[in-house]
Each structure stands twice: as structure tokens, then as C-alpha cells.
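Chains as they are written, first to last, in the numbering used here: chain A, 364 to 937; chain B, 621 to 702.
Calculated from the structure, these hints are not laboratory results. Each hint should be verified, as a subset may be incorrect.
Only pairs whose alpha carbons sit at most 25 angstroms apart, straight line, appear in this in silico BS3-like list of lysine-lysine [what the hints assert, rightly or not]:
1) B:K699 to A:K371
2) A:K833 to A:K888
3) A:K370 to B:K671
4) A:K773 to A:K851
Ranges between beta-carbon positions, derived for each pair [as the list claims (entries may be wrong)]:
5) A:N454 to B:I696: 33 to 43 angstroms
6) B:H672 to A:S647: 57 to 67 angstroms
7) B:E700 to A:D470: 49 to 59 angstroms
All figures in this text were calculated on a predicted structure; none of them were measured in a lab. By construction, the Cβ of each residue, glycine as well, lies at the ideal position given by its N, Cα and C atoms.
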Amino acid sequence: MTFNELKKNIKKDFFGFKKIELALLGDSSTQLLAQAIRGSGYDKRLNIDVFDADYNQIDRLIMNVTSELYVHEPDYTVIFEASHKLLQKYNKMNEVERTTFAENQFDRICKLTNILQSKIKTKIIWFNFAEEDDRIFGNYGNKIQSSFIYQQRKLNFILTEYSISNKDFYICDISSIQNRLGRNLLFSPSIYISMDSVLSIDALPVVAESIVQTITAIQGQIKKCLILDLDNTVWGGVIGDDGLDKIQVGSLGIGKAFTEFQYWVKKLQQRGIIICVCSKNTESVAKEPFEKHPDMILRLNDFTVFKANWDNKVDNIKSIQQILNIGFDSMIFLDDNPFERNIVRESINDITVPELPKDPAEYLEYLYSLNLFETASYSTEDANRTEQYRIKSQIDAELTLFSNENDFLKSLNMLSDVQHFNSFTIPRVAQLSQRSNQFNLRTVRYSEEDIKRIVESNRYITFSFTLEDKHGDNGTICAIILEKRKPKELFIDTWFMSCRVIKRGMESFVLNIIVKYANKNGYQKLVGEYVPTDKNALVKDHFANLGFNQVDKFWELEISLYKNRDSFIKIKER
Amino acid sequence: MERNKIISELNEIFEDIIDEGPVSLSDVTTVRDVDGWDSLTNIQVVIAIEKHFHIRFLSEEIVTWKNVGDMIDCIIDRKEVK
């Protein structure tokens, strides 16, 4: 995308797109970046309303609680302090002040974010600093604490550490963007002189896209699954023709490119991305390298679903989607064959199919440049996802063996640990809140900080549910937030569930628990709401199925008339 | 390079960048005569011209242009030096 194309996006119709309020504050000119962000949002179906603050007003806008910034109440506050301006501040200091420059700058940033976060609920995206070296000491600057390069790198690292501890503080990593694009592409002296912008026209789309990627990840648009072709994608050559000893993988020649590619996939798998295979091959032949080749990094148990057959790839990918029960828009398909890529792209609307370069040597650099796996959260449960989904696909296979679904559910010996949210479950609940799209009644996204506020407030009752069975433990898979909206009445603010545990009777079990609580505490009515999105049609009839009555746009359940619903899940005693 | 040819190429660049419909430039056209040509779009126009003609302007000469004629003089000058 060029900047001019993004500008043309701005004139298009944003109707039906998710509205996002964003404030952009900079100490250099940001007008063009504001346009680029709005235009870039269009491609992600986001209607980003950018409040482009007056130039160089960061401190005033944040410190003055009656400023336009607070009137605007942005969902996201993007703060872009340029390394050029940082250098100007540094220039004015004496030797002693320069030695503590990074700490002092960070103190100021910290103070500003504290004020901002105490006044409004906003996610902050703060630019780190694109490295700039005034070369006063040359390479020796690395050995001098007061040098600009030392202080700037230190400040970048302090910001990174700070973002770990401050959940709603995200980094726009312009330093990494500059590493990729190169200094000469990011920065254009003539544009800096003429309009005081530190970004060249060609850099604008890249920087804007990076901001929008962070936003879409926070909004829950993330990739969860990578589907791989095998021949000439995972290894060089064709296993069926060349045989085990002739395929290229390992440390020699082009094999090196495939080995490094496999390490990348392995790291994604360890991070919790589901890895699947979709290859036109005889299954036993396709599996052989994973079992027998000494140089393979990926092994069979790294894959959740392994489809190697002679059926068409579209049907295979559709069947993978059904097993995993995740949206096509969270799936990526990698194949070296342009023909297969096109068929998949044309037949499956939302799936991402990168246009892999012809030369496998370029695969990795190209994939890095796409930044396909942006995320807004990470927990250790992510890393276990391959295991959990493998259990699920095993269960799906077993289900076909039981003629009666109830017999099957009974045989699972399901147990659920029911808790009010606590410090152990909050991170996972927040994460599910960001990610659950299909089984999510109102799709209100809560961050970890939001959830903590809810737990501390006495307006809300919360429940989290785990589910384990004879196959293994799925961890926390469902969360409920009830709001005491009216006396004697509980409103179901949040009900979301992981799709891993669909069709297990979890809904009935959860409702039994809620009603039991309501009864015990003297509530008479439970009120639910279904807010439709592009993705949650699955739960359209959720409340009707559970015996709620529709009243206008809400669903109501009389506690006194409720009969406990059948469920094969037992409460896990602790 | 022929002046008329430059003008027709400039028309295309302006139409693409400013995106407010057809543009018909002449030597005496000024910023005021073209809808949407402002300080913000001007920098984009300048960069696009540099790319198109494979030339570089000096930061200080851009601000001395009074009309499209001055701009074209500068383009021709740079092309010849090359």
C-alpha cells in the first residue's frame, strides 16, 4: 500500500465498520500519519476516528484535565515523540545531565502515562525511538555513558520493560521498523525541513499499519492457526519422487533455508499457534520425514491436524477448520504452489494466503515482513494449545463411535472447577475476553486491568469455569460477569466460552451454577442480552435454548420457575 | 524535455495525489487555482515529481516557486544538469 492509496481509502464507505476513537499526539508534524492510520484502518474494517492533536502539545494535553484530549475520551492514545526531538533535548544538557538522560526522560513519560491512565480508560501506544547516532564519539559512543546512542538505546529498553508491567501501555516499535526499512527510507531530510515530519511519505503506510496491527490484535483479530503444505514449503524437493534421503533440509545449501523456516514454525507452535498440514501426498509417505529424517526440526506431535491425501486442498482446509472450530480469518495457509494458493484464496474468503517468494531462501525474510502473528496477550496456557486441540480432535473422532450423545458425554467424566475471578484466573479470563468471538454473547472486550476493577467493585459477581475430562485439562474455558443492575435482578454482562468445549453441556452446567447463586442471594430474575456481531451467530439462540423468555431486546429468566438442567459435568471439589 | 509534455505528466501526478478531479495546469497556475492543493498535498506532489522525473529539488528552491512555470523551469534545469 502506498500513502496515496491509503488516502484514497479515506474517501471510501466505512459503514458498518467498528468505530474506534484514537488520539494522536506528537512532537513533530503528524497530519499525514493521521490520514495514513485512518486509511490503513479501512483495510481491517475499522472506522478509526483520529483526533490529530495540535502540534507539540503532548504535556499540555495530558496535564490539563480539561483539555480536548479528555473531552475526546479516546479508546487509544498514540504518542509519537521523535528521536530527532529527543536529540534536541539532549543537545541542551550538560555532561552530567546527559549521564542520566534516559532515566529522566522515562520519569517524564511515566508521569504522563500515570496521569492519563488515572483520568481515562485508554490504551496507550507509545513510540519507542528510531535509533539515531550523532557520531560525536563514533563507535566509541558505546563505551561512553553520556553519549546519545547509549542513552537512547537505554531509554528504548526501559520503555520495553515498562510495557511489561503496565498492561495498557503498548510500544509502537519504530526502532524495529527502521531496522527493516533502513534509515534512508524511514527518514527524509527534505520532508523534515519542509513540514517537520520525521517520516518519509513511503514510511507512513508501514508505521500506520504497525499501529493498526496493534489495535486489531487488541480488538481480537488475531491469527491462531498455520496450515503448511509440505513439498518445497517445509522441505526442498518432492518426498514422493525424491525419497527420504534426497529431500533438502539440514545445514547444506538450500536445506538451510528450510531448517530455519522449520525453527520459526516450531517457535510459533511453542507460542501456541496451532500448526496443521495440508499436502497432496500419500499419508504414510508424507509422515516419513517427520519420523525418520535426522535433520527435521518439526516432528509429528507438533501438528494438531495432519491432512495428507489426494483430495483437493480447499476441502481439506475446510475439514481442518471444522475440527478446530475457529474462524477462517484466524487461519494462514502457506504453499509454494501459486495454483494451490489461488484456488484456496478464491474458495475460502477470509483465510490469509501469503504470496510466498519463488526462492525458498527468501521465505523467512518475507514472512517476517508480513508480521502475521501480532498479538495483545500471551500466557502459558497458549503454549499448551496444540495439546488441547489435539485432545479435541481425538474426542471428535470418538464421538462418532457413540450412538447416543449422552452416553458419550457421561463417558468423559467431566469435572469443572468453579471460582469467582481471582489472581490466578484473571489473566486467562482477560485473554479469553480478547479472543472469544464465536461463543460470546455481548463481545465486550475487557483487559486485565478492566477485569481487576470489576473484581474489586461490589456491583459485579464473577464466575470462571475450567473443564477437565478423562482426556486432559482444558484449563479455564468460560467466564461469567453478572451485574447488579436493579434490585432483585442480575444482568448477564458477559458470557463467553472457548469453542474447544462446545457441545459438552457446559451451557446448562453454567446456568445451574448462576441460578443456584441467584437463589441463595435472593435474586428473582436473570436478564441476558445477545448482541450480534459478524462472528457470534453460533449463540443467536443461546438464551432461547436455555429457557429464557424474550422481552424486547433482552431475555429474562424467572429464578423461582427454574428447574435444574441436565448436565454430565460435576463440580470439582477442592 | 518538451514543456507541454512535462505539463501533461504533471497533470496526471496532480490528479492522482490531490484526487479532486481533472487538473489542467499551465505556466501561470498557482496554488490558489487548484482545489485541494495545499501545503499538506504540496509536499506529496513534490515527492511524486521527484520520483517520476528521477530528480531531487533543493529544500530552499521549492519555497521560491510562485507558479507552475517556476516548478517546470526547475524540472528542466535539473534534467539538463543530469
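Hint check:
Restraint check for B:K699 and A:K371: not satisfied, since their Cα atoms lie roughly 31 angstroms apart, outside the 25 angstroms limit. With a CA separation close to 36 angstroms, the supplied pair A:K833 and A:K888 exceeds the 25 angstroms bound. Restraint check for A:K370 and B:K671: the C-alpha separation of about 19 angstroms stays at or below 25 angstroms, so the hint holds. About 35 angstroms separates the Cα atoms of A:K773 and A:K851, which puts this hinted pair outside 25 angstroms; it is violated.
A beta carbon spacing of about 40 angstroms between A:N454 and B:I696 agrees with the range 33 to 43 angstroms that was offered as a hint. Against the hinted window of 57 to 67 angstroms, the Cβ-Cβ separation of B:H672 and A:S647 comes to about 58 angstroms, which satisfies the hint. At roughly 56 angstroms, the beta carbons of B:E700 and A:D470 sit within the given window of 49 to 59 angstroms.
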